[in-house]
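Peer 1: In case you want the letters, here they are:
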Amino acid sequence: MSASGLRSRSGLVKLLPYAFILPPMIYLMVFMFWPLSRQMYMSLTNTRIVNPNRGRFIGLGNYERLIEDPAFYVSLKATLVYTVLTVIIGVALGVVAALAIDRPFKGRAVARAILLFGWAVPGVAASLIWLWMYNERSGVFNRITELLGLGRFSWLTSTDYALGSVLAVTVWQVAPFVMLVVLAALQSVPQEVREAARIDGADGISTFRAVTLPHIRPSIQLAALLVAVWSIRRFDIIYLLTGGGPLGSTSTLVVKLRQTAFEGHELGMASAYGAVGLALALMVAAIHYTAEQRRMKRMSR
Amino acid sequence: MPALTFNKVSKTFGDHTVINAFNADIHDGEFLVLLGPSGCGKSTLLRMIAGLSDITSGDLLFDGSVANDWEPKKRGVAFVFQTYALYPHMTVRENIAFPLVMDAFRKWYHLPIVNIVARHRLMKRADIAERTLGIARQLELEPLLDRRPASLSGGQRQRVALARALVRNPDLYLLDEPLSNLDAKLRTQMRSEISALHHKVGKTFVYVTHDQVEAMTMATRIIVMNKGIVQQVDTPDEIYDHPANTFVARFVGSPPMNLIPASVGNDALQLSGKLAVDHAAPLPSRRHMTFGVRPEKLTLHPAGEGRLPAQVAVVERLGAETVIGCRLMTGEENNDQRLLEHDLVFVRVSGNPKVRIGELCSLDYQAGDVLWFDIDSGDRIFPGQE
Amino acid sequence: MMTPRKLAVKALRYTLIGILVVLAGFPVYWMAATALNVNSQLYGTGQVAWPQLQHLPDLVTELGNVPIGRWLFNTLLIASGGTVLSLTLGALAGYALSRFKFHGRGLVGFLLFMTQVVPEALILVPLYAMFITFGLLNSLWGLILANVGFSLPVACFVLKGAMDAVPYEIEESAIIDNCPRFSVLTMIILPLIMPSIAAAAVVSFFAGWNEFLFASTFLMDRTLWPASVGLASFVGQYETPMSAVLGAALVFSTPAIVFFLLIQRKIVAGLTAGAVKG
Numbered sequence: 001m002s003a004s005g006l007r008s009r010s011g012l013v014k015l016l017p018y019a020f021i022l023p024p025m026i027y028l029m030v031f032m033f034w035p036l037s038r039q040m041y042m043s044l045t046n047t048r049i050v051n052p053n054r055g056r057f058i059g060l061g062n063y064e065r066l067i068e069d070p071a072f073y074v075s076l077k078a079t080l081v082y083t084v085l086t087v088i089i090g091v092a093l094g095v096v097a098a099l100a101i102d103r104p105f106k107g108r109a110v111a112r113a114i115l116l117f118g119w120a121v122p123g124v125a126a127s128l129i130w131l132w133m134y135n136e137r138s139g140v141f142n143r144i145t146e147l148l149g150l151g152r153f154s155w156l157t158s159t160d161y162a163l164g165s166v167l168a169v170t171v172w173q174v175a176p177f178v179m180l181v182v183l184a185a186l187q188s189v190p191q192e193v194r195e196a197a198r199i200d201g202a203d204g205i206s207t208f209r210a211v212t213l214p215h216i217r218p219s220i221q222l223a224a225l226l227v228a229v230w231s232i233r234r235f236d237i238i239y240l241l242t243g244g245g246p247l248g249s250t251s252t253l254v255v256k257l258r259q260t261a262f263e264g265h266e267l268g269m270a271s272a273y274g275a276v277g278l279a280l281a282l283m284v285a286a287i288h289y290t291a292e293q294r295r296m297k298r299m300s301r
Numbered sequence: 001m002p003a004l005t006f007n008k009v010s011k012t013f014g015d016h017t018v019i020n021a022f023n024a025d026i027h028d029g030e031f032l033v034l035l036g037p038s039g040c041g042k043s044t045l046l047r048m049i050a051g052l053s054d055i056t057s058g059d060l061l062f063d064g065s066v067a068n069d070w071e072p073k074k075r076g077v078a079f080v081f082q083t084y085a086l087y088p089h090m091t092v093r094e095n096i097a098f099p100l101v102m103d104a105f106r107k108w109y110h111l112p113i114v115n116i117v118a119r120h121r122l123m124k125r126a127d128i129a130e131r132t133l134g135i136a137r138q139l140e141l142e143p144l145l146d147r148r149p150a151s152l153s154g155g156q157r158q159r160v161a162l163a164r165a166l167v168r169n170p171d172l173y174l175l176d177e178p179l180s181n182l183d184a185k186l187r188t189q190m191r192s193e194i195s196a197l198h199h200k201v202g203k204t205f206v207y208v209t210h211d212q213v214e215a216m217t218m219a220t221r222i223i224v225m226n227k228g229i230v231q232q233v234d235t236p237d238e239i240y241d242h243p244a245n246t247f248v249a250r251f252v253g254s255p256p257m258n259l260i261p262a263s264v265g266n267d268a269l270q271l272s273g274k275l276a277v278d279h280a281a282p283l284p285s286r287r288h289m290t291f292g293v294r295p296e297k298l299t300l301h302p303a304g305e306g307r308l309p310a311q312v313a314v315v316e317r318l319g320a321e322t323v324i325g326c327r328l329m330t331g332e333e334n335n336d337q338r339l340l341e342h343d344l345v346f347v348r349v350s351g352n353p354k355v356r357i358g359e360l361c362s363l364d365y366q367a368g369d370v371l372w373f374d375i376d377s378g379d380r381i382f383p384g385q386e
Numbered sequence: 001m002m003t004p005r006k007l008a009v010k011a012l013r014y015t016l017i018g019i020l021v022v023l024a025g026f027p028v029y030w031m032a033a034t035a036l037n038v039n040s041q042l043y044g045t046g047q048v049a050w051p052q053l054q055h056l057p058d059l060v061t062e063l064g065n066v067p068i069g070r071w072l073f074n075t076l077l078i079a080s081g082g083t084v085l086s087l088t089l090g091a092l093a094g095y096a097l098s099r100f101k102f103h104g105r106g107l108v109g110f111l112l113f114m115t116q117v118v119p120e121a122l123i124l125v126p127l128y129a130m131f132i133t134f135g136l137l138n139s140l141w142g143l144i145l146a147n148v149g150f151s152l153p154v155a156c157f158v159l160k161g162a163m164d165a166v167p168y169e170i171e172e173s174a175i176i177d178n179c180p181r182f183s184v185l186t187m188i189i190l191p192l193i194m195p196s197i198a199a200a201a202v203v204s205f206f207a208g209w210n211e212f213l214f215a216s217t218f219l220m221d222r223t224l225w226p227a228s229v230g231l232a233s234f235v236g237q238y239e240t241p242m243s244a245v246l247g248a249a250l251v252f253s254t255p256a257i258v259f260f261l262l263i264q265r266k267i268v269a270g271l272t273a274g275a276v277k278g
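As they're listed, the protein sequences go chains A, B and C.
Heads up, the first sequence is in this note's numbering, so the first residue is 1 and it goes up one at a time.
Heads up, the second sequence is in this note's numbering, so the first residue is 1 and it goes up one at a time.
Heads up, the third sequence is in this note's numbering, so the first residue is 1 and it goes up one at a time.
None of these hints come from the bench; they were simulated from the model.
Even glycine gets a Cβ: it sits at the ideal position worked out from N, Cα and C.
Any given hint might turn out to be false.
Unchecked claim - Computed list of lysine-lysine pairs in DSS-like fashion (alpha-carbon distance at most 30 Å, straight line):
hint, chain 1, residue 1, chain 2, residue 2
1, B, 73, C, 101
2, B, 73, A, 14
3, B, 107, B, 124
4, B, 297, B, 274
5, A, 106, C, 10
6, C, 266, C, 6
7, C, 6, A, 106
8, C, 101, A, 14
9, C, 101, B, 74
10, B, 107, A, 14
11, C, 266, A, 106
12, C, 6, A, 297
13, B, 74, B, 200
14, B, 227, C, 101
15, C, 101, B, 8
16, B, 297, A, 14
To be verified - If the Cβ cut is set under 7 Å, some of the chain C residues that face chain B in the computed set are:
hint, residue
17, 15
18, 17
19, 19
20, 23
21, 137
22, 175
23, 177
24, 183
25, 191
26, 221
27, 237
28, 238
29, 239
30, 240
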């Protein structure tokens with residue numbers, strides 16, 4: 001009643017909401033959506049960095065080249081593998097951590113704070129630490145493996161390990177976020193329901209499956225969506241740790257985009273990479289929404 | 001000072017009609033109460049007067065000028081909200097002075113940061129400070145001036161809300177269930193204080209409530225509403241004595257008016273289909289209707305003396321008076337005097353008569369106290385004028 | 001008394017927590033330990049595994065050789081400017097979404113959601129071209145304008161959530177008291193949601209503080225670099241001692257860690273709200 005009560009009375013008043021919404025929207029149009037649409041258009045041109053404003057329209061030429069380019073498939077595969085593994089490992093670890101520290105224990109506040117470090121450290125700083133830890137000659141990991149008699153590993157420069165190494169840093173960053181989201185959901189599980197299940201004779205595991213899991217599932221799904229989208233978007237740590245190498249094994253679409261644009265100077269081609277990245281991110285979001293809608297329907301039934 | 005006129009005013013949200021078109025006047029200086037159960041549209045109507053809610057169709061006139069599109073400030077109204085709506089981040093003093101400060105604001109004072117300085121300086125301006133203090137004294141709020149609303153009791157918040165309404169000396173006071181969040185004792189006290197305030201300032205008050213006692217004690221006139229439809233517009237006495245329909249008859253008065261289904265056959269009255277009564281007055285010229293009589297118009301007699309045989313079902317002793325709920329019985333003089341099926345019939349008697357639950361008794365009435373209503377629409381009908 | 005099974009579960013749980021804490025905390029610990037080591041140890045015999053406070057003066061000297069102060073100052077400018085802009089625009093958008101029904105409301109929600117999905121890299125090139133045209137390349141202003149597009153929606157969602165909890169009647173009361181809408185926002189609503197404003201400010205501030213991609217692309221001038229770009233320039237460069245590099249990284253990280261830990265819940269609420277209600 002009140003919401004619409006505040007609504008318009010005369011023509012002038014009808015414009016009132018726009019007085020508030022227009023400045024931010026104009027801003028987003030100029031600095032987000034206009035560039036975005038130009039980027040999409042640019043993927044249909046042969047724009048190069050020497051003539052950023054004077055590309056010629058070449059239709060789907062860039063996409064044709066993309067489809068024929070093995071490097072594109074390497075990049076697409078790296079993106080997919082990186083994203084899927086980040087989601088699986090990051091979400092799994094985040095949920096486990098949340099469950100582990102959900103109930104109070106001595107030193108919980110400290111443990112919780114330390115568990116959040118990876119999330120709070122800026123990406124560039126995180127990259128520098130891990131670069132040093134991954135250092136082939138003096139890094140702490142190789143010192144440990146040497147002590148164990150396993151020898152040294154080329155953590156970031158071998159095609160076998162590079163993606164895994166980048167993944168480890170990523171998980172260190174995103175798992176704490178998942179943990180926070182799940183913790184918030186766990187804390188809203190009604191205690192009486194849990195106790196009622198206990199009294200009904202359910203043991204810990206079945207209580208978890210019957211009561212806790214359904215309650216936190218939407219949060220887990222939401223966290224998974226965000227982690228997936230961020231993985232597709234992530235630039236800083238991949239670029240700094242491996243620069244996309246070795247042999248493109250960690251060059252996700254976003255890294256490839258910047259390289260093609262600012263090292264290969266082919267803006268049109270770079271935009272085509274970007275378009276694929278955007279399509280992936282939108283697909284993830286669409287899947288999330290479909291699942292969410294279905295869940296809502298099921299709940300309202 | 002405004003006299004308000006509603007000219008076929010109505011309000012809809014989408015397909016849902018909140019207020020059906022109606023006509024009414026609110027006279028200058030009047031204490032008008034909008035009375036009805038929750039959800040009947042009375043608050044929406046008040047918000048339409050304030051300019052917080054738009055009018056779907058029809059005209060609202062302030063002193064003869066159409067005011068549908070007027071901004072709240074142009075209407076010169078003060079509004080007291082049910083939740084008081086005090087500004088939690090301001091002291092009592094700042095709350096009370098806020099309307100004055102706003103009136104004194106120039107356009108450019110509204111710039112961010114400038115507004116903080118401007119408000120601060122205006123608070124200190126002599127006329128504003130004095131007026132604020134004066135109103136606070138009048139409502140005995142002076143010791144609380146530097147407290148924040150969160151630290152006040154319900155009654156104190158209520159006073160601050162009133163003070164904020166009074167401070168600008170508006171022509172029209174709009175009050176939305178201002179007493180509903182107070183406890184019973186405080187409510188009675190504030191009721192008389194608001195009445196006194198009305199007499200003192202002599203301005204128009206429009207007061208929304210669902211409490212018929214508040215309406216009867218405070219109003220000069222009442223608009224009774226139900227389900228978005230205005231039922232009756234009249235003085236409290238008229239509404240009580242001559243309700244326009246069964247809704248008003250039941251809603252106003254406690255216990256409510258007794259309404260008994262009745263029928264007329266062979267010029268004789270039958271109540272509840274079975275109890276034949278010698279009415280001894282003209283009956284409506286139709287077959288079925290509702291027979292209504294106020295509890296205090298019924299009289300209680302020993303069994304067999306009154307025209308309506310009954311059995312006592314409930315006794316509420318209130319000290320000065322007693323309310324007795326009875327069940328009517330068929331008049332046949334045999335052993336199983338069957339109880340008639342309908343609501344309890346209440347009778348209100350003064351003092352503390354010795355009646356027990358289950359006891360047989362009888363009731364009686366005077367034909368002049370009976371009101372007749374249409375059995376379907378509930379509207380009042382007048383025997384002989386149909 | 002505890003049954004053996006319960007005891008085992010408890011032991012398992014604490015072991016798990018212990019492992020997770022070590023995994024999560026070790027990199028930060030190692031950053032501190034490395035920063036407080038002598039550089040010769042780092043590459044030679046092996047670094048000492050704990051921080052050595054006696055090397056703190058050495059670290060300070062080493063840090064004096066990198067323009068970390070200048071970089072942090074630039075970071076501060078970028079982050080603060082971005083915060084002011086994103087809070088201002090976010091409050092306007094949040095208020096409109098919280099209080100009004102208007103045509104295009106769904107579109108606005110969708111656009112705000114899109115900003116959370118679009119990779120920054122995607123608008124990099126067009127922004128670059130645009131900044132060349134308007135002389136915003138190699139300027140902190142340009143960088144701030146680019147950053148805010150991504151922090152504004154989060155600020156908007158945080159503030160909208162808080163505004164939704166402010167009763168309408170307080171606002172209507174102000175309107176009756178002759179307060180125009182813009183002042184209702186600035187004088188009534190915003191003072192009531194100060195905690196959320198603080199949270200939105202921290203989110204926006206550290207979005208600017210941490211940002212790397214735009215800064216490394218749009219700023220060529222070394223003296224304009226923020227700390228993120230400055231620190232990244234140490235990658236693959238061996239003149240600067242590693243202890244100084246990680247010391248600088250530690251200085252750069254500390255404010256982020258402190259503030260993220262302080263308002264973690266609000267940040268999470270803001271980041272998730274956008275994805276739910278978009």
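Peer 1: Of the numbered hints stated previously, which ones are contradicted by the structure, given in increasing order?
Peer 2: 6, 12, 16, 17, 18, 19, 20, 21, 26, 27, 28, 29, 30
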